[in-house]
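Protein chains in written order, with our numbering: chain G, 1 to 426; chain V, 1 to 426.
If you are wondering where the hints come from, they were derived from the structure by calculation, not from laboratory data. Even glycine gets a Cβ: it sits at the ideal position worked out from N, Cα and C. Careful: at least some of the hints might be erroneous.
Unchecked claim - Below, a list of computed lysine-lysine pairs in the DSS-like style, where the Cα atoms sit at most 30 Å apart:
1) K47/V x K221/V
2) K200/V x K385/G
3) K307/G x K200/V
4) K200/V x K47/V
5) K307/V x K120/G
6) K200/G x K385/V
7) K149/G x K307/V
8) K114/V x K385/G
9) K385/G x K329/V
10) K385/V x K385/G
11) K114/V x K101/G
12) K114/G x K200/G
13) K385/G x K221/V
14) K86/V x K385/G
15) K329/G x K149/V
Claimed, not checked - Derived CB-CB ranges, DEER-like:
16) S10/V x G161/G: 32 to 38 Å
17) Q40/V x Y6/G: 32 to 38 Å
18) G147/V x A99/G: 20 to 26 Å
19) N58/G x G147/V: 51 to 57 Å
So you can see what is in the structure, the chains are spelled out below.
Number of protein chains: 2
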Amino acid sequence: MQVFEYPDSSSWPALLQRPVMDTTALESNVAAILKEVQQQGDAAVRKYALQFDKVQLNELQVTETEFAQATAALDPALKQAILQAKQNIETFHRAQQEAGKIIETMPGVHCWRKSLPIEKVGLYIPGGSAPLFSTILMLGIPAVIAGCKEIVLCTPSNAAGEVHPAILFAARQVGIDRVFKIGGVQAIGAMAYGTATVPKVHKIFGPGNQYVTCAKQLINKDGIAIDMPAGPSEVAVLADESCVPAFVAADLLSQAEHGPDSQVLLVTTSADVIKQVQQEVEEQLAALPRRSIATQALEHSRLVLVKDMDIAMELLNAYAPEHLIIACKDDITLADGVVNAGSVFLGNYSPESAGDYASGTNHTLPTNGYARAYSGVSLDSFVKKVTFQRLTQEGLQNIGNTIAVMAAAEGLDAHKRAVTIRLINN
Amino acid sequence: MQVFEYPDSSSWPALLQRPVMDTTALESNVAAILKEVQQQGDAAVRKYALQFDKVQLNELQVTETEFAQATAALDPALKQAILQAKQNIETFHRAQQEAGKIIETMPGVHCWRKSLPIEKVGLYIPGGSAPLFSTILMLGIPAVIAGCKEIVLCTPSNAAGEVHPAILFAARQVGIDRVFKIGGVQAIGAMAYGTATVPKVHKIFGPGNQYVTCAKQLINKDGIAIDMPAGPSEVAVLADESCVPAFVAADLLSQAEHGPDSQVLLVTTSADVIKQVQQEVEEQLAALPRRSIATQALEHSRLVLVKDMDIAMELLNAYAPEHLIIACKDDITLADGVVNAGSVFLGNYSPESAGDYASGTNHTLPTNGYARAYSGVSLDSFVKKVTFQRLTQEGLQNIGNTIAVMAAAEGLDAHKRAVTIRLINN
Numbered sequence: 001m002q003v004f005e006y007p008d009s010s011s012w013p014a015l016l017q018r019p020v021m022d023t024t025a026l027e028s029n030v031a032a033i034l035k036e037v038q039q040q041g042d043a044a045v046r047k048y049a050l051q052f053d054k055v056q057l058n059e060l061q062v063t064e065t066e067f068a069q070a071t072a073a074l075d076p077a078l079k080q081a082i083l084q085a086k087q088n089i090e091t092f093h094r095a096q097q098e099a100g101k102i103i104e105t106m107p108g109v110h111c112w113r114k115s116l117p118i119e120k121v122g123l124y125i126p127g128g129s130a131p132l133f134s135t136i137l138m139l140g141i142p143a144v145i146a147g148c149k150e151i152v153l154c155t156p157s158n159a160a161g162e163v164h165p166a167i168l169f170a171a172r173q174v175g176i177d178r179v180f181k182i183g184g185v186q187a188i189g190a191m192a193y194g195t196a197t198v199p200k201v202h203k204i205f206g207p208g209n210q211y212v213t214c215a216k217q218l219i220n221k222d223g224i225a226i227d228m229p230a231g232p233s234e235v236a237v238l239a240d241e242s243c244v245p246a247f248v249a250a251d252l253l254s255q256a257e258h259g260p261d262s263q264v265l266l267v268t269t270s271a272d273v274i275k276q277v278q279q280e281v282e283e284q285l286a287a288l289p290r291r292s293i294a295t296q297a298l299e300h301s302r303l304v305l306v307k308d309m310d311i312a313m314e315l316l317n318a319y320a321p322e323h324l325i326i327a328c329k330d331d332i333t334l335a336d337g338v339v340n341a342g343s344v345f346l347g348n349y350s351p352e353s354a355g356d357y358a359s360g361t362n363h364t365l366p367t368n369g370y371a372r373a374y375s376g377v378s379l380d381s382f383v384k385k386v387t388f389q390r391l392t393q394e395g396l397q398n399i400g401n402t403i404a405v406m407a408a409a410e411g412l413d414a415h416k417r418a419v420t421i422r423l424i425n426n
Numbered sequence: 001m002q003v004f005e006y007p008d009s010s011s012w013p014a015l016l017q018r019p020v021m022d023t024t025a026l027e028s029n030v031a032a033i034l035k036e037v038q039q040q041g042d043a044a045v046r047k048y049a050l051q052f053d054k055v056q057l058n059e060l061q062v063t064e065t066e067f068a069q070a071t072a073a074l075d076p077a078l079k080q081a082i083l084q085a086k087q088n089i090e091t092f093h094r095a096q097q098e099a100g101k102i103i104e105t106m107p108g109v110h111c112w113r114k115s116l117p118i119e120k121v122g123l124y125i126p127g128g129s130a131p132l133f134s135t136i137l138m139l140g141i142p143a144v145i146a147g148c149k150e151i152v153l154c155t156p157s158n159a160a161g162e163v164h165p166a167i168l169f170a171a172r173q174v175g176i177d178r179v180f181k182i183g184g185v186q187a188i189g190a191m192a193y194g195t196a197t198v199p200k201v202h203k204i205f206g207p208g209n210q211y212v213t214c215a216k217q218l219i220n221k222d223g224i225a226i227d228m229p230a231g232p233s234e235v236a237v238l239a240d241e242s243c244v245p246a247f248v249a250a251d252l253l254s255q256a257e258h259g260p261d262s263q264v265l266l267v268t269t270s271a272d273v274i275k276q277v278q279q280e281v282e283e284q285l286a287a288l289p290r291r292s293i294a295t296q297a298l299e300h301s302r303l304v305l306v307k308d309m310d311i312a313m314e315l316l317n318a319y320a321p322e323h324l325i326i327a328c329k330d331d332i333t334l335a336d337g338v339v340n341a342g343s344v345f346l347g348n349y350s351p352e353s354a355g356d357y358a359s360g361t362n363h364t365l366p367t368n369g370y371a372r373a374y375s376g377v378s379l380d381s382f383v384k385k386v387t388f389q390r391l392t393q394e395g396l397q398n399i400g401n402t403i404a405v406m407a408a409a410e411g412l413d414a415h416k417r418a419v420t421i422r423l424i425n426n
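Please work from the sequences and hints to get the whole structure.
Spelled out as structure tokens, the structure:
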């Protein structure tokens with residue numbers, strides 16, 4: 001971990017540099033697979049499952065029997081944990097529902113918004129070393145609360161054609177029945193364009209490797225919405241002398257174990273905190289199963305000593321971290337200074353893991369500085385807010401002249417006439 | 001206008017086909033200009049202003065004197081209309097502010113969301129035959145309500161280096177001080193990458209021609225957010241025998257005058273309505289200044305006769321129109337059946353023009369079927385909703401086991417340890 005002491009603001013851009021994510025080199029390969037899926041449907045899906053995932057898929061869709069077997073097979077303690085997490089995530093996301101207020105902007109002019117579910121959504125859950133069932137909760141729960149009619153989930157199977165029981169249990173608990181054993185670019189293509197088996201959706205959510213990321217960018221250009229642009233995961237911790245260095249070190253390591261390109265940043269006003277955290281990181285690292293990954297991530301991680309909390313917040317807002325932990329005495333006051341972040345964790349007892357799994361907030365968050373302009377996934381991500389308006393005859397009479405004058409000034413005479421033709425004494 | 005009587009649902013995709021927007025052919029040219037702006041800043045901006053807009057720009061930024069002259073020059077009736085529209089748009093968008101509720105998902109686990117303004121936003125207002133000052137209201141008002149700190153507006157000047165007074169008056173009334181006389185791709189590039197004069201922003205809003213659309217797509221890939229994907233404007237009208245054919249015709253024409261690629265769709269259960277609307281369109285068209293544009297748009301417009309309102313709504317939801325006018329006796333009940341639309345206008349006295357200018361709703365809306373997954377611009381477009389959480393020691397004690405079990409099952413041991421290290425009796 002590199003240490004920076006009182007860095008001049010001119011050096012911040014270099015200090016806050018993220019690993020560059022450029023998928024341009026993959027684009028032509030990914031585009032070719034997408035096109036093949038678009039044109040040949042399930043046949044192309046099966047071909048690439050064999051080529052990339054080494055699996056000969058017969059049935060693409062998970063059957064009732066497989067769901068039942070998964071439920072039977074899963075450790076009861078894990079089931080209970082998933083159900084507890086589900087309950088908290090539901091509570092938090094349900095509170096995001098809005099009652100549409102009718103606003104009378106002028107007498108007789110009534111305007112309102114209504115949240116309508118995106119009818120068809122696709123969730124992608126990557127395969128790999130571990131089953132990311134937590135992401136099913138984070139995407140599936142708001143989709144169900146929003147009222148999305150068709151929720152499709154794609155996730156690769158193992159070479160034996162099996163999907164991890166925790167994936168299937170989580171999906172079933174959330175209320176997702178249509179799970180397809182499809183991974184990678186071919187999964188994104190199947191959901192974007194539809195095949196004989198997989199329905200075409202309007203928006204695709206979920207994490208993935210650089211191929212999946214590139215595929216999502218490309219289908220987005222084709223008019224299918226995506227959750228947000230992707231990048232490596234990251235955490236920034238703001239700590240003062242009131243922090244517990246062992247906790248801070250554990251938080252840094254929990255981010256570092258995600259992948260070699262994960263970013264970890266500690267900003268503090270205390271030189272002692274840096275020393276103690278460094279020492280704790282070394283000790284805790286030795287005991288971690290994923291220490292080789294974490295070690296690589298820590299190589300490009302930064303510990304930054306700053307003069308005061310104002311500078312600290314300025315630096316952190318410039319970075320716009322996906323996760324921001326504020327382990328400081330005045331954590332609540334400092335939280336008022338947050339301008340750019342994905343999700344913020346306050347105090348000594350709010351580890352990022354809480355939000356990753358079970359506190360209720362969503363863990364699909366903007367990385368790579370996107371927190372400057374993008375929100376994390378929420379109920380909003382699964383709805384469109386449609387505006388409605390109804391003018392009475394009197395209402396149009398009241399507002400008509402305003403519209404007519406403006407339309408004429410913009411040179412749009414037919415816009416003006418659509419009003420004047422309706423006015424009395426036009 | 002083509003008439004379709006009781007079309008079979010298998011023919012709907014062809015019937016609802018939109019003009020294809022493919023900017024791939026422009027991409028390399030647009031990318032080259034963007035790159036030049038990124039590397040050479042204001043010099044490149046000036047070069048392309050001369051090349052495309054035939055103007056030798058000295059001062060890029062509009063001065064106080066120019067603002068004052070615009071205010072002095074503008075027709076008082078237009079000023080008053082702009083102020084009335086501003087008030088209604090403010091009223092409607094202010095009502096979109098949300099108070100962040102703190103949710104206790106479990107005892108001691110507090111989670112909430114906070115809307116934080118996107119710090120720096122850029123608005124693009126195209127030049128051309130008419131000054132689109134209404135779009136300044138639609139984008140600038142929510143930006144100011146959201147609390148965006150830096151609001152930059154780019155719009156091309158005429159060959160004499162002047163910006164239309166209505167543009168400057170609207171900008172000033174909304175509270176935008178930084179207006180730059182820059183148009184086209186170079187404006188998008190200047191706001192995306194920043195120049196010595198133009199600040200770099202985090203999100204870019206506003207309409208434009210296919211070059212501007214392409215530039216927005218490209219800078220979006222580079223991590224700068226955009227309002228939404230763009231396409232030609234469109235309206236669909238659902239009418240029954242209670243409609244006033246002259247009003248419906250006026251609404252169709254007000255959309256048709258936008259551009260030759262505008263789309264206009266009438267769906268009705270009454271053959272009489274089709275006949276009467278056709279006749280009214282012809283009569284009204286003859287008197288329109290922009291009749292040559294409207295005539296072109298009407299050539300690919302469709303009048304569809306359907307058996308009943310269920311089929312009508314199904315067809316319209318499949319189309320997902322930017323604007324939907326429901327000119328029917330049961331307009332309020334029918335509105336409940338809307339699944340996909342950008343903005344909906346109910347009854348005989350709610351012309352699209354009302355929402356285009358002054359009723360209060362936003363006129364920046366999803367075209368091209370994007371209404372299936374995208375919302376129009378609203379206050380939400382100018383904020384990020386950041387989640388916060390604070391767990392007490394007791395709260396973490398309550399939720400800790402759930403997190404630990406899930407993290408372990410996902411193979412993320414450091415995530416588990418970030419919790420267990422904080423637990424009593426860990």
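Comparing the hints with the structure gives:
1. Under the criterion of a C-alpha separation no larger than 30 Å, the hint pairing K47/V with K221/V is consistent with the structure, at around 25 Å.
2. Between K200/V and K385/G the CA atoms are separated by roughly 29 Å; this keeps the pair inside 30 Å, and the hint holds.
3. For the hint pairing K307/G with K200/V, the CA-to-CA distance comes to about 28 Å; that is within 30 Å, so the pair holds.
4. Taking the CA atoms of K200/V and K47/V, the gap is about 19 Å. The hint holds against a cut of 30 Å.
5. Simply put, K307/V and K120/G have alpha-carbon atoms about 27 Å apart, close enough for the 30 Å limit, and the pair holds.
6. The straight-line distance between the Cα atoms of K200/G and K385/V is roughly 29 Å, inside the 30 Å bound, and the hint therefore holds.
7. Distance restraint check for K149/G and K307/V: the Cα-Cα separation of roughly 26 Å lies within the 30 Å cut-off, and the hinted pair is therefore satisfied.
8. For the hint linking K114/V to K385/G, the alpha-carbon distance of about 19 Å falls within 30 Å, and the restraint holds.
9. Taking the CA atoms of K385/G and K329/V, the gap is about 25 Å. The hint holds against a cut of 30 Å.
10. A threshold of 30 Å between alpha carbons decides the hint, and for K385/V with K385/G the separation of about 15 Å falls inside it, so the pair holds.
11. Restraint check for K114/V and K101/G: the C-alpha separation of about 20 Å stays at or below 30 Å, so the hint holds.
12. With a C-alpha separation of about 25 Å, the suggested pair K114/G and K200/G falls inside the 30 Å cut-off, and the hint holds.
13. About 25 Å separates the Cα atoms of K385/G and K221/V, which keeps this hinted pair within 30 Å; it holds.
14. Pair hint K86/V plus K385/G holds up; C-alpha atoms about 21 Å apart against a cutoff of 30 Å.
15. With a CA separation close to 29 Å, the supplied pair K329/G and K149/V stays within the 30 Å bound.
16. Between S10/V and G161/G, the C-beta spacing of about 35 Å keeps the proposed range 32 to 38 Å intact.
17. A hinted range of 32 to 38 Å holds for the C-beta pair Q40/V and Y6/G, which are about 35 Å apart.
18. Between G147/V and A99/G the beta carbon distance is about 24 Å. The supplied range of 20 to 26 Å therefore holds.
19. Against the hinted window of 51 to 57 Å, the Cβ-Cβ separation of N58/G and G147/V comes to about 56 Å, which satisfies the hint.
Comparing the model with each numbered hint stated earlier shows that all of them hold.
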